[in-house]
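**Student:** Here are the chains, one letter per residue:
Number of protein chains: 2
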Amino acid sequence: MSELLTRLEVEDLKENLREVQELLHRHALAEGLVSRQEIPRHALVEQLVHKQHLAELRTKLENLHPADVAYILEALPLEERLVVWELVKADRDGEILLEVSDAVRESLIASMDSDELVAAAETLEADELADLAPDLPAEVIQEVVQSLPAEERERLRSALSYPEGTVGALMDFEMVTVREDVTLEAVTRYLRRMDELPDHTDQLYVVDRERRLRGTLPLARLIVSDLDVEVAAVMVPERVTLHPQDRAADAAQAFERYDLVSAPVVDARDRLVARLTVDAVVDYIREASAETQLAEGGLREEEDIFAPVLNSFRNRWSWLAINLFTAFIASRVINAFEGSIAKLVALAALMPIVAGIGGNSGNQTITMIVRALALGQIQAQYWRKLLAKELGVALINGVVWGTLLGVIAYVLYSSIALGGVMALATVLNLILAALMGVTIPWLRSRFGKDPAIGSSVLITACTDSGGFFIFLGLATLFLV
Amino acid sequence: MSELLTRLEVEDLKENLREVQELLHRHALAEGLVSRQEIPRHALVEQLVHKQHLAELRTKLENLHPADVAYILEALPLEERLVVWELVKADRDGEILLEVSDAVRESLIASMDSDELVAAAETLEADELADLAPDLPAEVIQEVVQSLPAEERERLRSALSYPEGTVGALMDFEMVTVREDVTLEAVTRYLRRMDELPDHTDQLYVVDRERRLRGTLPLARLIVSDLDVEVAAVMVPERVTLHPQDRAADAAQAFERYDLVSAPVVDARDRLVARLTVDAVVDYIREASAETQLAEGGLREEEDIFAPVLNSFRNRWSWLAINLFTAFIASRVINAFEGSIAKLVALAALMPIVAGIGGNSGNQTITMIVRALALGQIQAQYWRKLLAKELGVALINGVVWGTLLGVIAYVLYSSIALGGVMALATVLNLILAALMGVTIPWLRSRFGKDPAIGSSVLITACTDSGGFFIFLGLATLFLV
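Protein chains in written order, with the numbering used here: chain W, 80 to 559; chain U, 80 to 559.
No lab work stands behind these hints: they were computed from the structure.
Treat the hints with care, since some could be wrong.
Since copy identity is lost for identical chains, a pair holds within one copy or between any two.
Unchecked claim - Straight-line C-alpha distance at most 27 Å; calculated BS3-like pairs for lysine-lysine:
{"no.": "1", "residue 1": "Lys168", "residue 2": "Lys93"}
{"no.": "2", "residue 1": "Lys528", "residue 2": "Lys93"}
{"no.": "3", "residue 1": "Lys528", "residue 2": "Lys139"}
{"no.": "4", "residue 1": "Lys464", "residue 2": "Lys93"}
{"no.": "5", "residue 1": "Lys422", "residue 2": "Lys528"}
{"no.": "6", "residue 1": "Lys464", "residue 2": "Lys139"}
{"no.": "7", "residue 1": "Lys464", "residue 2": "Lys528"}
{"no.": "8", "residue 1": "Lys168", "residue 2": "Lys139"}
{"no.": "9", "residue 1": "Lys93", "residue 2": "Lys139"}
Please model the complete structure; the sequences and the hints are all you need to start from.
**Tutor:** Spelled out as structure tokens, the structure:
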């Protein structure tokens, strides 16, 4: 694969996409798919050679890394995407399907028949097949499984048995193992008989007769050592050992902390079953951070940017529904103070400010705490300390912004009482925000829930309804 | 370093913190820092041996990897943190300072005098020193620079000259280079003379007399090849070549796509100057995603969870100020319709719903587009297509939620006209949200700004003020 690539600079990553688009455009023009007005007249002669554009495009694609083809597919609208997909050599289908995002993968798989899917799946190794399996039709999986050798079938079964987010779902079965009582000379001879080592082989795993892990032999150490000595003399204890059921997030943290390239995965009886490599960890980190980002933006999952409108609607409606529900509650709170607003309309204009600053401040608190929880930085005994700190920050914010808002309200509406209510409501809503910003993640983590999910919606619901209630309530008490 | 560690399981990462806390607690108890009621009575005898706890703690810390010590420091309140920091062996100060978060680093550096800082800095290599430099007092830097050998000083100068977010700021100068006309036998002998290879050496760099990059020699290939052949015969063309001024985000994307462990960094004349390794890339990805998450939560930067209240206030006030400003504008919009609200108070209760659903829907659009832009998936010619799609989604959302809200408004306030205004305002604000959700990132990317920064604040400002204006405007036209 690496041999295919000539020297690549970072700018080339995007250049490939532009070239493919250029070729697609010429092809579309030749086919009459694009209006002629859009391009300069001299290009019209190319109509005669439109077959040639496709051939050129095919050659271009053949020279690209599967990940680059995946990137191009993701950046093309559906119609162009399928033209390119048709041109990609069939024996690379599997690899490319692995690289594209879930949403785009769906659109590609929908364009393939069962035979093509089976052929694509059969080019993959067990751990890769496991990644693809959820998106494939059941009959395709069945056919592929039947064609697998027994060992691969067992690996596939094993990889599929671990849920997403565990080490088991990311691990890789290809690795080199050696015994501790052989010489480095023998190890070297053994390695030379292999055509090439599995990707990301930075170390060999030393196991005993029962495949129990004894240590590791880094390649860098093998190279600098005397060939006469035995493996046992130069092997090192592995830094981190993983289990298939370990959380992928914890494993990623270990890779980050100890700068690992690969780590062994062992079963309950300490037998080596697989390894985890840094490329899988990098993919996991990217995906996990994308999920957080998408969830915070109110999207259920990664979206194909050229998805049909109805697919996008399905990806988005649930968060809108939840937000609408919380907005409705806030609306009922306002409704309860109808009488006060009728008497003093300024309240209607000022109330969103109080709710808004509470929401923003609460989001700051909850973001910081959710992050610290995810990094394992908050120990049970420090919650009270944290709450005290957040209340302190809320108090300072309250005094600063409350005073400012109070003065503005006084200047705008010439009422000292209204200014006072505005200031007091701001302080109280900021305190509410701090309280809920600490309490919500605390409660959720105590009950074993992921404190990140929906944290922003929850805190905003509290500070909106709470802010309206506090401000309108104070106004009703003191002003009307 | 790796030798220090015995076998580690993922659960041990948190276990270390608990053990340190236990020892700290006993120490604090012995010192009378903690009230006796908090712990069981039998522990009181330990007062007699409090020196021993510190010794035990010191031993515990000495056996930990610098990254683990960093994690423990981050999770401890200031007072305990400084007790632990005092106990860490001075010669590891530098490494540990590199590993802790910026905020916590500040608190540690504040506790050290110049001599300690100089001693800590002197244990680091040029690229590491460059990472630490922004947090060190100028006189410390100066003293350290003077003590550096000329080559290291040049490297430090070079690393410091590239801004954050570039390859130059992440690159590493330690690597092994070989010539293409020597035999693998000679390469192996050369490597054996080194005590150990630099971390993350998965390949050697083949350079000519002028240090121009000719190719790479992967260790895995060196090991399986015949020792009699020359480097030129087995070297491979490097997959990706980086320049120091390349964006770190692009480099990270290349590492992710091609599953790299290391990549060469060359200057404008193609001479090898450094390399980038996957551990630096992983750190970069983590930090970049943390920054996004923090910015979206309204925090300027990573916060020490035990930061003094005033530090936290400084980290948060700017976003609150911006949000307050946009809320104020929305408030003035409402104020302009005071007359209508006075006549029909229900408007005050319903208007936040219209603004809210617009904000949520706009955030969904902008999140998707900002992500796609960051991944390089949006080409200039597709903006119109994207806008059409988003308007389509907005229309479906508008019909679905507008109808629902219209019916609810009708049921609550028994006014068909109010229900109609509610429905129409919802549709229009969703269309506004889609329009701005596409236009804002488009404009920002056209003018070379980062479309991610503040995108949520901008879109919410539009949909809040816009939503109030549309709803109250329609109500004024048709209802009052």
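**Student:** Decide, hint by hint, whether the structure agrees.
**Tutor:** Hint-by-hint comparison with the structure:
Proximity of lysine 168 and lysine 93 under a CA criterion of 27 Å is satisfied intra-copy only: 22 Å inside one chain copy versus 48 Å between copies. Only between protomers do lysine 528 and lysine 93 lie at most 27 Å apart by alpha-carbon distance; the minimum there is 19 Å, versus 40 Å within a single protomer. In this assembly of identical chains, the alpha carbons of lysine 528 and lysine 139 never lie at most 27 Å apart, being 48 Å within a copy and 32 Å across copies at closest. For a Cα distance limit of 27 Å, the shortest separation of lysine 464 from lysine 93 across copies, 20 Å, qualifies, whereas the shortest one inside one copy, 49 Å, does not.
Proximity of lysine 422 and lysine 528 under a CA criterion of 27 Å is satisfied in neither setting, with 45 Å inside one chain copy and 47 Å between copies. In this assembly of identical chains, the alpha carbons of lysine 464 and lysine 139 lie at most 27 Å apart only when taken from different copies (26 Å versus 60 Å within one copy). Proximity of lysine 464 to lysine 528 under the C-alpha cut-off of 27 Å is restricted to the intra-copy arrangement: shortest distance 22 Å within a copy versus 40 Å between copies. Proximity of lysine 168 to lysine 139 under the C-alpha cut-off of 27 Å is restricted to the intra-copy arrangement: shortest distance 11 Å within a copy versus 57 Å between copies.
For the identical chains of this complex, lysine 93 and lysine 139 are intra-copy neighbours only, at 14 Å inside a copy versus 50 Å across copies, given an alpha-carbon limit of 27 Å.
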